[in-house]
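S.K.: Here's the letter readout for the chains.
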Amino acid sequence: MMKAFMQIAVGLRPLPKDGKTLSAFLYWAGRGHILGQVAAAHKGEASGKLADILENARIRTAHDQRMLTFEAERISRALLGSGVQPILLKGAAYMALGLRAGQGRRVSDIDILVEEQELAEVETLLKKAGWQGEAATASDYDQDYYRQWMHELPPMRHKKRRTLIDVHHRLLPRTARLQPRHELMAARAKPIENNSLRTFDATDRFIHSAIHIFADGAFETPARSFMELYYLFDDLSADEEAGLVARAAEVNALRPVAGALWAVSHYFGEPKAHAVLRSMGVMGMSWSLRQTVRLWVRGGALKPLAGFLLYLRSHYLRMPLGMLAKHLIIKTFRRKRQAKEVGQAH
Amino acid sequence: MTAALGTLSRGEAVRALKSGEMRLHLGPFVTALKTSNRSVVDYFLDIYSDCPVSIGGGELADYYLNVGAPNLLRRFIRRQVLPDPGFHFPTLPLPDHMGPLALEMGMNLSAALQCFRFIMFHAGVVAKDGNAVMIAAHSGGGKSTLTAAMMEAGYRLLSDEFAVLRRDRNALMPYPRPVSLKNASVDVVRQMAGQDAMSTVLEGTPKGTIAYRRARASDINLMHEETVPKLLIFPKYDKDEKPEKRAVEPADAAMRLIAGSPNYQVVAGAAFDSTMTMMQGLKCFEISYGNTADSVALVEELFAEAAP
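If you read the protein sequences in the order shown, they are chains X and A.
Residue numbers for the first sequence follow this note's numbering, so the first one is 1 and each next one is one higher.
Residue numbers for the second sequence follow this note's numbering, so the first one is 1 and each next one is one higher.
No wet-lab data here; the hints were simulated from the structure.
Be careful, since some hints might not be right.
Chain X residues, not near chain A, derived (Cβ > 10 Å throughout) [stated by the list, open to error]:
1) Q179
2) L236
3) S314
In silico PhoX-like pairs for lysine-lysine, Cα to Cα no more than 20 Å straight-line [said to hold, decoys possible]:
4) X:K49 with X:K20
5) A:K245 with X:K20
6) X:K272 with X:K3
7) X:K326 with X:K303
8) X:K303 with X:K272
9) X:K20 with A:K128
Ideal placement from N, C-alpha and C gives every residue a C-beta, glycine not left out.
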């Protein structure tokens, strides 16, 4: 069922004809925040209520695209003259390049990568241009936590436009078990026309997406993530595909790339991804992780358990156990305090 | 195929609500509703009984709303209820018996934050002969009381919560859901509309005492009949206030209306164009008053000028 839905979502299969299945599909797509992408993949097929729903999603995502284009321009302007050429990551890059992975995509924040020694200057310039720290991460603990251990500055929000920017200086936390060689990827980044921003090349975009999904988060929006991998993989040329594994080895990201190839091959039945994965030999994705991800994606009674395991895994990957224990304890107590405060405010 | 909710047997309706196959067809929106909370079910079957619904789950929905316990524990111990419109929104769980409030909040959130086909403004809307009065929301202004009072004065209800403006022509769409009444206005409206028109009263909610005045069958029968906006009212209630009206500059009125729109920025260009077109045909007034009769008289007088 999930495979069929994922394939419908990227347009590999037509929208279901039967009302009940279509309704279930739209429910699933809505909850996964991918209706805009579904609408982009299925143009001109719809009438009646279905057309209304897809049109609604298109209007919504058109706004995200406008916002992102505008913000990218503002960031470029804020850094003008500094010589810093940030790399747009993820959704912002896909949209700037007009890739299928960006069409109809919901975006709430913009991620950029700069060199570590440029961080202070970038932060100062962005603050001058109106971005400021978020109240949610203003505490000393959060500030220290981000600056000492993370791969990004504490998120900044623009004081007027309320848009969010994450400034990264590496792809995974300093404490993460996996340390991809982002400097090698940055060295191959290409400028975007007409401004000072850059993006990774096609191969590195796929690799970075794989790192983000399989080595960082907890699969919060699996459909959206796997569709992104599918589109990025499908956009690779034959040469890029042939060089993918070697590049993944070079930038130290073999494991997440194996996971990503599994997802593309498993959910979208992409034979080329399967072939590349086979060529990696034993370097596959562990059986237990595959099963957990499948349970999580499929939903049902075991979904909460799978979600919990993936949450633990994401933290395990992010930092050493002692540090993790301390961090989780602080987060738990803070959550309790916040719940209390919310209660009192009402 | 739709049928009035009241024509279904209770068993059929409850089964559809439990399985999430209940579809409420109201104005331009279809809402899929899933709940097994007793207070939600009882309220819904009563107050929405004249509304068209379909069961079976085959009809597509604009919004999917679940109303239930926030977690397994709260289904059984110190039971709570929470609307889940499918996206993250900070809402406080309510005690189990406040289901009606959770449902109405959930329906408001769904439409306010997920509708982009129309431009939504936070206003009550009533109409006569195809011409509409918008009553802009302003905390303590008395939007809902005035909306309910206008219903008694022979106007039909389009919505208590949203002015739903089309993008392609200057018209407001009805979305006739119950009118939400707070504190003193509950009794005021009960006296006007009668006990049959009212839901059970919820005491001690985060918003105070709450009850709902149902949309009438006549409002629901006209739920596809759009109207032309003619008059925009900014109400101001104060118990010692003399009835008074002041014209509002269209530009000011537009800015105040836009400030209360959940989706104006997202709809963008079309929202600007449609709003400007609407403003050209609109008379805008602030009114202050100390009782309901005065407010109705003021609106009727202004409506007669705005839509002769």
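S.K.: Check each numbered hint from earlier against the structure, then list the numbers of those it violates in ascending order.
M.R.: Failing hints, ascending: 5, 7, 8, 9.
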